[in-house]
Amino acid sequence: MGADCEDSAVQDAAREDLELHRHLLAGDVGAFDDLYERYAGAAYGLAYRLTGQQMLAQDVVHDAFLALWRAPEAFDPTRGALRTFFLSLVHHRAVDIVRKEQRMRDRNERAANLEPVAVEDPSEGVVDRAYLSVRRKEVREALRSLSDDQRQVLQMAYFGGMTQAQIAERLEIPLGTVKTRTLAAMRKLRGLLEAPA
Amino acid sequence: MTDHERIDALLAGYVLRSLAGEDASEADLLLTDHVPDCTGCRETLVAFQTVAADLALSTDPVAPPDTLLPRLHRELESRERRPRTLGVLAVAASVVALLGLAGTFLQGERVGTAQSRADALSNILRFAQENDAQMVPVGPTTQVAAADEVFLFGSNVPAPPPGTVYVVWVESGGQATPLGWFLPSGDGWVYRHFSTGGPYDRLFITTESAEVSPSAPGDVTWQSAG
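Sequence lines, in order, name chains A and F.
Using the working numbering, read the first sequence as starting at 1 and increasing by one per residue.
Using the working numbering, read the second sequence as starting at 1 and increasing by one per residue.
Bear in mind the hints are in silico, worked out from the structure with no lab data behind them.
One should not assume that every hint holds.
As the list claims (entries may be wrong) - Result set (EDC-like, lysine to aspartate or glutamate): computed pairs, CA atoms no more than 20 angstroms apart in a straight line:
1) Lys137(A) x Glu194(A)
2) Lys188(A) x Asp148(A)
3) Lys188(A) x Asp149(A)
4) Lys137(A) x Asp76(A)
5) Lys137(A) x Asp148(A)
6) Lys188(A) x Glu43(F)
7) Lys137(A) x Asp12(A)
8) Lys100(A) x Glu5(F)
9) Lys100(A) x Asp59(A)
10) Lys188(A) x Glu5(F)
11) Lys100(A) x Glu43(F)
12) Lys137(A) x Asp59(A)
Since the structure is predicted, the reported quantities are computational estimates derived from the model, not experimental observations.
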């Protein structure tokens with residue numbers, strides 16, 4: 001797939017998401033099912049990586065989709081993509097659960113493992129979700145461009161659900177260093193991911 | 001670090017949900033007092049939010065259990081039998097105290113980014129689930145109440161006439177008590193949380209002059225259903 005095609009696929013998907021959101025506002029269960037088909041895999045993969053438990057991950061994804069159904073108006077199309085909103089919701093819910101469970105230590109070990117969970121990509125070969133595969137590839141390439149130090153703090157925060165203070169304590173480095181590395185990582189990712197495909 | 005370097009660092013930590021203590025408080029203040037009026041910071045916040053959400057894609061997708069979608073469908077059907085919800089609202093104390101809550105109000109109203117709304121929704125859901133609370137429509141908003149707390153949220157809430165605000169009241173034993181006031185954001189978004197001080201019979205919203213604190217409710221604009 002060429003860069004132009006990839007860019008077009010992402011834009012088409014965003015437009016389709018908006019259309020599905022409009023149907024969701026009207027209580028269209030079919031639109032809900034379509035959104036589930038699109039994002040359940042990504043959401044469950046994220047939730048499972050954070051929580052490390054299938055039951056917890058299932059609850060996270062369940063809560064997030066139910067929230068989208070119950071309050072679709074919470075998403076404002078003028079303030080970002082539906083994908084961003086929904087995956088943020090999944091991440092927040094998962095972090096809340098991880099912290100509530102207070103079993104951070106074991107999970108942090110797992111989260112610090114930069115290898116993604118090895119599973120079959122359910123979106124493979126599915127045309128209407130191909131853009132997620134495109135974006136996934138871009139995100140992984142961008143992550144690889146970070147220094148090891150930058151990637152480490154980012155992943156401990158995002159996938160480990162750790163606060164910056166906890167990261168500093170765990171790595172035995174100053175809190176200021178964690179902040180500096182995090183900012184550098186986010187800026188670099190922003191630059192790479194905002195660039196035209 | 002320059003001021004904006006420091007702000008950017010806080011925004012980066014904020015979108016990753018990794019701030020705590022004084023940093024979290026400082027970020028909340030920034031999101032209330034600075035970011036809404038700073039084009040550069042708003043752009044940075046939205047860009048960082050997008051990056052953070054996209055980090056989810058660095059993990060391989062995993063097919064959820066086959067039982068999840070049917071479980072959701074059962075929940076969807078139960079929702080369809082209730083009135084459609086359009087928002088959530090929470091309120092407490094007196095009107096004077098409400099004015100003192102302006103900072104909290106502004107934080108909820110002005111930082112209407114995708115992440116802050118996801119935060120708000122996440123908070124409401126957690127509260128509803130932990131307390132087995134129902135979502136009850138109040139006009140274009142919805143209340144979720146349990147114990148002595150209430151959440152209120154909504155979108156597409158129309159602005160009140162110029163010079164007026166919406167005031168939220170609870171009535172118990174025929175006695176109405178104002179809990180707070182609100183104005184929807186530019187796009188009609190409302191998100192409030194208050195403590196009610198105890199159980200009440202009904203919750204309603206009036207439209208009142210912004211100049212004086214009402215001692216008694218005027219005509220009811222919206223009231224809770226169900």
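For which of the previously enumerated hints does the structure constitute a violation, in increasing order of number?
Structure breaks hints 4, 8, 11, 12.
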